[in-house]
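K.L.:
Listed below are the residues making up each chain.
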Amino acid sequence: MEMTDKKSNTELAEDSTELKQYLPDTKSEILKVHKLEVDFNVEEACTCWVNN
Amino acid sequence: MHSCIRLEFRCALKASKSKLLNMDDVTANKEPQNNHELNYYTHTSKETASGLPNSTEVEYVLLPKGTGGADSWLCTAGTENILYLPLHGLLVEVSKEGADSVRRWAAQNVHDSITREIARLIDGNPAPTSRMGMYEEFAPTLVGLGLTAQCTLRCAYCHSEAGSRGSEVMPVEVADAALNFVADCAERTGRKFEVSFIGPGEPTKPWQLFRHCVAAAEELAASRGLVLQLSMPTNGFFDKKQCEYIVEHFDRVCLSFDGPSWIQNLQRPLANGGGSFQSVYETAKFFHDNWGKGRRDFRFTIRATVSQEGLDQIDKIHSFFRSEFPCANTAYETLKPLGRGKICASSRVTIPDSNRFAYEISRLVAEDESEIVLNSGAGSLGELKRSFCKALAMPTMNVTPNGRVLACQCDIAADYYEYGRFSPSTGRFIFDHARIKTFQRLTVDDFPECTRCIARHHCAGDCHELRRVEFRRCEEIRALLLTRLWKQVDHS
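Protein sequence lines, in the order shown, are assigned to chains A and B. Okay, so the first sequence: first residue is 526 according to this note's numbering, each after it adds one. Okay, so the second sequence: first residue is 40 according to this note's numbering, each after it adds one.
To be clear, the hints were calculated from the coordinates, so they are not data collected in a lab. Hints may be right or wrong, so weigh each one.
To be verified - With a straight-line cut-off of 30 Å between C-alpha atoms, the simulated DSSO-like cross-links for lysine-lysine are: (1) B:Lys280 x B:Lys231; (2) B:Lys355 x B:Lys279; (3) A:Lys560 x B:Lys476; (4) B:Lys104 x A:Lys560; (5) B:Lys381 x B:Lys332; (6) A:Lys557 x B:Lys279; (7) B:Lys476 x B:Lys231; (8) B:Lys381 x B:Lys135; (9) B:Lys104 x B:Lys135; (10) B:Lys280 x B:Lys332; (11) B:Lys526 x B:Lys476; (12) B:Lys355 x B:Lys381; (13) B:Lys355 x B:Lys526; (14) B:Lys231 x B:Lys332; (15) B:Lys332 x B:Lys279; (16) A:Lys557 x B:Lys135; (17) B:Lys104 x A:Lys557; (18) A:Lys560 x B:Lys526.
What the hints assert, rightly or not - Computed Cβ-Cβ distance ranges for the label pairs, DEER-style: (19) B:Arg250 x A:His559: 43 to 49 Å; (20) B:Asp407 x A:Leu556: 48 to 54 Å; (21) B:Ala261 x A:Glu562: 20 to 26 Å; (22) B:Arg250 x A:Glu562: 38 to 44 Å; (23) B:Gly117 x A:His559: 15 to 21 Å; (24) A:Lys560 x B:Gln247: 32 to 38 Å.
Backbone N, C-alpha and C fix where the C-beta goes; we use that ideal spot for every residue, glycine too.
Construct the entire structure; sequences and hints are all you get.
P.N.:
The following block contains the structure:
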C-alpha cells in the first residue's frame with residue numbers, strides 16, 4: 526500500500542493503462558460462442574449396455 | 040511474468056474447481072405462467088461425500104417468443120457463466136452482466152445488445168422442427184436374438200438372472216423367422232440390417248446355433264444387398280478359436296469386464312464359483328490386438344459394472360483398463376437393482392452411493408483428454424434425442440428363447456415389454472399393433488419431471504426399464520453433462 530501511495534501521477538496512469546489490458550471489456554458480455562455439432566437421431570444408437 | 044502467473048493460477052483453478060453438480064437438493068419452483076417468466080431449477084451446491092468442493096448452479100430459462108420460446112440453461116460456477124441451448128447446438132460463454140441480461144430478457148422481455156446477439160445466434164442455428172414420425176411404420180430393422188438362458192458366469196447382479204432361470208435354447212426356426220422378418224424390413228426401408236445377440240444368457244453358449252445365426256444373417260444381407268451390422272454384449276468367457284470367429288464376423292462387441300482380478304472375480308464368478316478373470320482378460324487382449332481387423336472393422340467397448348467395492352478403487356480400475364486396453368472405450372455403469380442386483384444389499388457386492396458415483400465418473404471424464412470414458416445416460420454433447428433408445432421408439436425386435444417378442448431386451452419384465460410372439464403353426468410372428476403404437480409414442484415429452492432438466496434432450500428421460508423399477512440416476516447424468524459442458528469451454 527505504502528509503495529502505491531508514493532507513486533507519481535504518471536506512474537499511476539501507466540498502471541491504470543496496464544490494468545486495463547487484464548480487465549475484461551465489460552461491453553463484451555458474450556465471451557465466446559461454441560457451436561456444437563448436433564446429431565438428432567441418436568436413439569438409433571444402441572444403448573443396450575445399460576443393465577448389469 | 041504476470042501473464043505466466045495468471046495462466047498458472049487459471050490452470051490451478053481449473054484443476055481444483057470441479058464444476059460438478061451435487062443434486063442432493065434439487066428444487067423446482069412454480070410452473071411457468073407464460074414464456075416471459077424466469078423459471079428455475081436450482082441445484083444447491085453441497086460438499087460431496089468425498090469432501091471435495093463442487094458447485095454449478097443451473098437455471099432453466101425459457102427465452103421469449105421472439106426466439107420461438109427457446110429452452111436454455113444458464114450454468115454458473117464461480118465467476119464463469121455459460122448459456123446452453125442444446126436444440127440450437129449453442130454453448131455461449133457470457134459475463135455476469137451477460138447472464139443478467141439473459142435473465143432480464145426472459146423475465147421482462149427486455150432486449151439489449153447481448154440478447155439481440157443471442158437472438159441472432161438462435162435464428163442462425165434453428166432447432167429441428169420435428170423428429171416425430173421417424174418410426175411411424177412398424178418396421179424393426181434391429182433384431183436382438185436371445186439364444187439361451189444358459190450362462191457360463193453367475194454375475195452377482197445379473198439383471199436377467201442368467202443361469203438360474205432355466206436352460207431354454209431358441210429353436211432354430213424361431214431365429215430364422217426373426218432374421219427373415221427384420222431383413223424384409225431393412226430391405227423395405229433402406230435401413231441397415233442390424234443383428235444383435237442378447238441375453239438372458241451368454242449368446243455364445245449355444246455355439247452351433249450362434250454360428251448358424253451369424254451365417255444366416257450374412258447370407259440374407261448378401262442376397263438382398265443389405266448393409267449388415269453384427270453386434271453383441273458378451274461375458275468374454277470363451278477360447279481363442281471363438282475369439283477369432285467373433286473378430287472375423289462382428290462389427291462391435293460390448294465386453295462385460297469389471298477390471299483387475301480382485302474385482303472381476305468378486306463380481307463375475309464362474310458358474311462353479313471359480314474366477315473368470317484370466318479367460319476374460321485373454322479375450323480382451325485378443326480383441327485389442329485385433330482392433331480394426333476382420334470383415335467388418337472389428338471394435339469393442341469395455342462395459343464395467345461399478346459396485347461400491349469397485350467405486351472405492353475406481354482409479355485402480357480405470358488405470359488397469361487404460362494401460363492394458365488403450366484403444367477401447369470404457370463404459371462405467373452403476374450397479375442397478377435389477378434381477379440379482381436387487382439382493383446385492385445383502386451380499387459382498389453392493390450398490391454404490393449415487394452421488395459419489397456421479398462425482399467419481401465425472402472426474403474421470405473431466406481428467407481424460409479423450410472421449411474414452413462413457414456412460415449410457417450421458418453421451419457426447421451433440422447427441423440429442425426424444426427417446427432414450429430405439430428399443431421402444433422403433434420398437435426393436437428382441438426375441439426370447441421361447442419366441443416372445445419384446446421391445447426391451449430386459450426379459451425379466453417380459454410381460455411389460457411383450458408386443459408379439461412366434462406362432463409355431465404358421466412359422467411367422469404375430470404382433471399387437473396397439474401396443475407397438477404405445478411404445479413408439481412414448482417420448483421425453485411424456486415425463487413432466489424432465490421438462491426443465493438440462494439433460495432432457497440428452498437422456499430423454501433415461502432407460503425405460505430403469506424408470507419402470509423407479510431407479511433414477513438423474514444425478515449422474517446431469518453431473519456428466521455439466522462436466523462435458525465445462526470441458527468444452529475449458530478445452531476450446
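K.L.:
Please name the hints from earlier in the document that this structure breaks, with their numbers sorted from lowest to highest.
P.N.:
Violated hints: 3, 5, 6, 8, 11, 20, 21, 24; rest satisfied.
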